[in-house]
Amino acid sequence: MLSKLVERVLPVALCAAIGFAAVPAHSQFTFSKVALKTHIDLATFGASNGNGCWGYVSPSGREYAIMGLSNKVAFVEITDPAKSDWFASIPHTDILWADIKVYGHYAYVVTEASGSGIQVIDMSDIDNHVVTLVRTITSVGRSHTCHIDETSGFLYTCGSNEGGGTTTVFTLANPADPQRVGVASLTGGDYIHETIVHTYTSGPYAGRQIFFGCGTDRGVEIYDVTDKNAPFLIKRVTYPDIGYCHQAWLSEDLKYLYMDDEFDEDWFGYTSRTILFDVSSLENASYVTTFTTGIHTIDHNLYVKDGFIYESNYKSGLRIFDANDNPTAPTEVGWFDTYPESNDTGYAGLWSNYPFFPSGTVIGSDINRGLFVWDVTEAVTRVIAPTSYTMARGTVLNGNLASLASSDDDRLTMRPGAVFSTSEPPIQLVMEATAPSTTPRLMTFTAETRGSIASLTQKVDLYNFTTSAFETLDTRNTTTSDTVVEVTARGNLARFVN
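Counting in numbering that gives the first Met the number 0, the sequence shown runs from 0 upward without gaps.
Among these hints, one or two may not hold up.
Stated by the list, open to error - Straight-line alpha carbon distances no greater than 30 Å define the calculated DSS-like cross-link-like pairs of lysine-lysine that follow:
#1 K234 <-> K254
#2 K71 <-> K234
#3 K36 <-> K304
#4 K71 <-> K36
#5 K36 <-> K82
#6 K36 <-> K100
#7 K304 <-> K254
#8 K227 <-> K254
#9 K82 <-> K100
#10 K82 <-> K304
#11 K304 <-> K32
#12 K254 <-> K32
#13 K71 <-> K100
#14 K304 <-> K234
#15 K32 <-> K100
#16 K100 <-> K234
#17 K71 <-> K304
#18 K458 <-> K254
#19 K304 <-> K100
#20 K227 <-> K100
#21 K82 <-> K32
#22 K304 <-> K227
#23 K71 <-> K82
Derived from the structure by calculation, the hints contain no laboratory data.
Given the sequences, and given the hints that come with them, work out the whole structure.
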C-alpha cells in the first residue's frame, strides 16, 4: 500500500489505524476487543423477549437501531452510541418471532403471529423521532423471515401463509404499497427458512436475480428468480451432518456463502460450526469446509461487512471473524458474551446483529436482555506502520522512518523542493506498508500533521497498481497546529495492494 502527502513544510506522525477509546463494559458481561456503549433491557422496553434487529441511516446521516421485540418494534437513535435514545415503537401481536428489513425510508416487519402479515412503516420523519405505520399487508398471513434485494427492489418473505411454508415476493416499485407478484410460492411446496437474494451486475450472471435459500434439512437451494412467474432451481447443495440449514450471507466478492445450521451443535455435538460453500459458479456450487469458535453453543444469524463475519451465537453472544486473509479459514478477532451464565445449546442469548452502519457501530438483539450497542473498532482494526518512505520532492530536515510509526512528539519534518509550475507539489512524501490482505475491504489512513504555513493544499493519495497512477482520497488545507487527518476507503481495494 502506498500513500502520499503533499504540502509545504509538513511535520508528520503517522500510523494506519482507527482511533479507539474504550469505555468500561457492564460488569456482568465478558468480552474481548468489543466495547459496550449502550444496553437497553427488556424491562425498559416493556417486552418479554427480543428477536430480530436491523438498522437505518437517515439522509442526514443519523443512525437508528430497529429492535424487534415480543410485542413491538422499537426505534432507537444511536448516532451517539453512548447516548442511545429509544423514542418510538410500533406494536404488533405478542409473539416470539419477528424479522425486520429496510428499503429506502421504509421498514418492513413480519412475525409468526397468525394473520400478522407485513407491517409497512414510514421513517421519512425519523429525525424528528416520528415513525408511522402506513399499512399492514395481510395477504401473506404470517411469515418467519423477510429479505430485500435492494438492487432490484423486491421484498421476499419466507415461511408465509399461515404455516403453509410459501415463499412470496413483492415489488417495491412503490415502497409504501408493496404489491405481490409472481407465482404462489417461488420455491414450490418447499419451506425456506431464510434467504439472501442478490442481483448480479457483472460477470456471467449479470442481470440475474439469484435466491440463496436455507432449506432446513435439504441444505442450501439456489434459485434463479429473475422471472417471478417462472423461477427455477439451479442447484441444491448439501453438507455433512445436516441438521437445520438456517441462515446465510454472501461474501462481498460473491465467491462464498457462509451459513449457520441451527441444530448441528445439539444433534451431532459440534462446537459452533459455520459452514462454507463455494458459490463462484452457481451451477457447480459446493460445500467447502467449516470453522468454529470452539464453544458448544448454537450459531444463529450472521452477516458480512468489510471482510469480517459478525455472528450471533445465542449463549456465546457476538463473535467476530476476520475473513480477509483467508476466507475459507476465518480467525476470531473479537467477541462479547451477552449470556455469561452458561455455554450450551439452549435457545437463549443473542438472536441477531446488524453491522452495516457507516460509523462502524454494531447492534445486537438479545432474546433475554434486549438491545446492545457496541464499538467493535479494536476487533476490526489492524495497525500498520510504514515500512519505508521516499521523498519524491523535497528533503527531510529531521526525523526518520521510526518517526512515522506512531502519534507522538517524534516527527518527520520536511522542506519543500523546487517546482516549475503551481500545479506541482513542493513536497511529495511516498510511504509503503505491508498490507495484511491482498483484498482488503476497508483501509483507514491516519496522520497527525502540522504545516509552517496555514491554508496550503494537503492531499492523501493511494497508488493504484492496476492503472499505475495515484488516486486522491482526501484534499484539505494545512493548519499550523497539530491536526489529525483520518481518511477511509471502502469497497474492493485490491487495486491498492501489489
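Here is how each hint holds up against the structure:
no.	hint	in the structure
1	K234 <-> K254	15 Å, holds
2	K71 <-> K234	38 Å, violated
3	K36 <-> K304	20 Å, holds
4	K71 <-> K36	23 Å, holds
5	K36 <-> K82	8 Å, holds
6	K36 <-> K100	24 Å, holds
7	K304 <-> K254	14 Å, holds
8	K227 <-> K254	25 Å, holds
9	K82 <-> K100	24 Å, holds
10	K82 <-> K304	24 Å, holds
11	K304 <-> K32	17 Å, holds
12	K254 <-> K32	28 Å, holds
13	K71 <-> K100	15 Å, holds
14	K304 <-> K234	26 Å, holds
15	K32 <-> K100	28 Å, holds
16	K100 <-> K234	26 Å, holds
17	K71 <-> K304	28 Å, holds
18	K458 <-> K254	35 Å, violated
19	K304 <-> K100	17 Å, holds
20	K227 <-> K100	20 Å, holds
21	K82 <-> K32	20 Å, holds
22	K304 <-> K227	29 Å, holds
23	K71 <-> K82	22 Å, holds
The structure shown violates the earlier hints numbered 2 and 18.
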